[in-house]
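Novice: Since the structure of chain A is already known, use the hints to place chain B on it.
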Amino acid sequence: GDSVTQMEGPVTLSEEAFLTINCTYTATGYPSLFWYVQYPGEGLQLLLKATKADDKGSNKGFEATYRKETTSFHLEKGSVQVSDSAVYFCALSDRKFYFGTGTSLTVIP
Amino acid sequence: DTAVSQTPKYLVTQMGNDKSIKCEQNLGHDTMYWYKQDSKKFLKIMFSYNNKELIINETVPNRFSPKSPDKAHLNLHINSLELGDSAVYFCASSREGQEYYGYTFGSGTRLTVV
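These protein sequence lines are chains A and B, in that order.
If you read the first sequence in the numbering used here, its first letter stands for residue 42, the second for the next number, and so on.
If you read the second sequence in the numbering used here, its first letter stands for residue 5, the second for the next number, and so on.
For reference, chain A alone in the conformation it holds in the complex (with noise of 0.2 angstroms):
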């Protein structure tokens, strides 16, 4: 069955490190993939999505690639800030959605 697996953390970074999370995906069909962001005390937000392989994601300075060749979607951000400190999912939709069991990012100044 489809599934999404991304990288456990915690991830403790300074501020303006680079930032990577990865994701992987198994899929049956061509889904869309998505990286939602919960701060503390709220909700998931949509932070970007790609619904078709080479697609890139972005938004708020952060990237993520569709590869199919590598099932992957891994997210970037060159310089974070204490601001992006939160817990970040996977997440790809294929008339189900799956999501990862999401990665903390604390970011410290």
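Bear in mind the hints are in silico, worked out from the structure with no lab data behind them.
Please note that a few of the clues may not be correct.
Derived pair list, reagent style DSS-like, types lysine-lysine, alpha-carbon separation capped at 27 angstroms [to be verified]:
#, chain 1, residue 1, chain 2, residue 2
1, B, LYS56, B, LYS71
2, B, LYS56, A, LYS109
3, B, LYS45, A, LYS101
4, B, LYS48, B, LYS23
5, B, LYS45, A, LYS137
6, B, LYS71, A, LYS97
7, B, LYS71, B, LYS26
8, B, LYS44, B, LYS75
9, B, LYS48, B, LYS13
10, A, LYS137, B, LYS40
11, B, LYS23, B, LYS13
12, B, LYS45, B, LYS23
13, B, LYS44, B, LYS13
14, A, LYS137, A, LYS97
15, B, LYS26, B, LYS48
16, B, LYS13, B, LYS56
17, A, LYS137, B, LYS75
18, A, LYS137, B, LYS71
19, B, LYS26, A, LYS93
20, B, LYS44, B, LYS26
21, A, LYS137, B, LYS48
22, B, LYS13, B, LYS40
23, B, LYS56, B, LYS44
24, B, LYS75, B, LYS56
25, B, LYS75, A, LYS109
26, B, LYS13, A, LYS109
27, B, LYS44, A, LYS101
28, A, LYS109, A, LYS137
Specialist: Just chain B, lined up with the frame of chain A:
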């Protein structure tokens, strides 16, 4: 103009009580969901309704009963609350056939059973 709203935001109650959580969406979406998030942030789908009909019912104790009076509302009623029910419950919605646009989530209801 909140898209998906849940009430209450916090709920503290004693074991054995019955409680309800309400969810409303004003996006015109056809499908609504309930998710449970545990203390490790793991998200588990509980139920899904499409146009007031139940379409997903994962392995959830039958103490949990969803009710959808219309396609804009999906409420969750929990009977005989147990300590293990403590979690954050999220409501979400999507447009049928357009799940590739993603889900829109409410801000969650933190349930604490004491």
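Novice: Each hint needs a verdict: does it hold in this structure or not?
Specialist: Here's how the hints hold up against the structure:
Among the hinted pairs, LYS56 of chain B with LYS71 of chain B is consistent with the structure: their alpha-carbon atoms are about 8 angstroms apart, no more than 27 angstroms. The hinted pair formed by LYS56 of chain B and LYS109 of chain A fails the criterion: a straight-line CA distance of about 36 angstroms is larger than 27 angstroms. Distance restraint check for LYS45 of chain B and LYS101 of chain A: the Cα-Cα separation of roughly 23 angstroms lies within the 27 angstroms cut-off, and the hinted pair is therefore satisfied. A hinted pair counts as satisfied when its Cα atoms are at most 27 angstroms apart, and LYS48 of chain B with LYS23 of chain B qualifies at roughly 20 angstroms.
Between LYS45 of chain B and LYS137 of chain A the alpha-carbon distance is near 20 angstroms, which keeps this suggested pair within the 27 angstroms criterion. With a C-alpha separation of about 39 angstroms, the suggested pairing of LYS71 of chain B with LYS97 of chain A is violated against the 27 angstroms cut-off. Annotation: proposed proximity of LYS71 of chain B to LYS26 of chain B holds, straight-line Cα distance about 9 angstroms (limit 27 angstroms). For the suggested pair LYS44 of chain B and LYS75 of chain B, the alpha carbons sit about 31 angstroms apart, so the restraint of at most 27 angstroms is broken.
Only pairs whose Cα atoms come within 27 angstroms are accepted, and LYS48 of chain B paired with LYS13 of chain B is accepted, the gap being roughly 19 angstroms. The suggested pairing of LYS137 of chain A with LYS40 of chain B holds, with an alpha-carbon distance near 16 angstroms, which does not exceed 27 angstroms. For the given pair, LYS23 of chain B sits about 13 angstroms from LYS13 of chain B by alpha-carbon distance, which is consistent with the 27 angstroms threshold. Restraint check: the Cα-Cα separation between LYS45 of chain B and LYS23 of chain B comes to about 23 angstroms, which is no more than 27 angstroms; the hinted pair holds.
A C-alpha spacing of about 19 angstroms is found between LYS44 of chain B and LYS13 of chain B, which places the hinted pair at or below 27 angstroms, so the restraint holds. Distance check on the hinted pair: LYS137 of chain A and LYS97 of chain A sit about 22 angstroms apart at the alpha-carbon level, within 27 angstroms; holds. Using a Cα cut-off of 27 angstroms, the hinted pair LYS26 of chain B and LYS48 of chain B holds, with the two alpha carbons roughly 18 angstroms apart. Simply put, LYS13 of chain B and LYS56 of chain B have alpha-carbon atoms about 24 angstroms apart, close enough for the 27 angstroms limit, and the pair holds.
Our distance criterion of 27 angstroms between C-alpha atoms is met by LYS137 of chain A and LYS75 of chain B, whose separation comes to about 19 angstroms. This hinted pair checks out: LYS137 of chain A and LYS71 of chain B have alpha carbons roughly 21 angstroms apart, not beyond 27 angstroms. Pair hint LYS26 of chain B plus LYS93 of chain A does not hold up; C-alpha atoms about 35 angstroms apart against a cutoff of 27 angstroms. A C-alpha spacing of about 24 angstroms is found between LYS44 of chain B and LYS26 of chain B, which places the hinted pair at or below 27 angstroms, so the restraint holds.
With a C-alpha separation of about 13 angstroms, the suggested pair LYS137 of chain A and LYS48 of chain B falls inside the 27 angstroms cut-off, and the hint holds. Among the hinted pairs, LYS13 of chain B with LYS40 of chain B is consistent with the structure: their alpha-carbon atoms are about 14 angstroms apart, no more than 27 angstroms. Of the pairs offered as hints, the one joining LYS56 of chain B and LYS44 of chain B is violated, with about 31 angstroms between alpha carbons and a cut-off of 27 angstroms exceeded. Annotation: proposed proximity of LYS75 of chain B to LYS56 of chain B holds, straight-line Cα distance about 5 angstroms (limit 27 angstroms).
Taken as a hint, the LYS75 of chain B and LYS109 of chain A pair is broken in the structure, with Cα atoms around 36 angstroms apart against an allowance of 27 angstroms. Note on LYS13 of chain B and LYS109 of chain A: the hinted pairing is violated, with a Cα-Cα distance of about 39 angstroms set against a maximum of 27 angstroms. Of the supplied pair hints, the one linking LYS44 of chain B and LYS101 of chain A holds, its CA atoms being roughly 26 angstroms apart against a limit of 27 angstroms. Among the hinted pairs, LYS109 of chain A with LYS137 of chain A is consistent with the structure: their alpha-carbon atoms are about 19 angstroms apart, no more than 27 angstroms.
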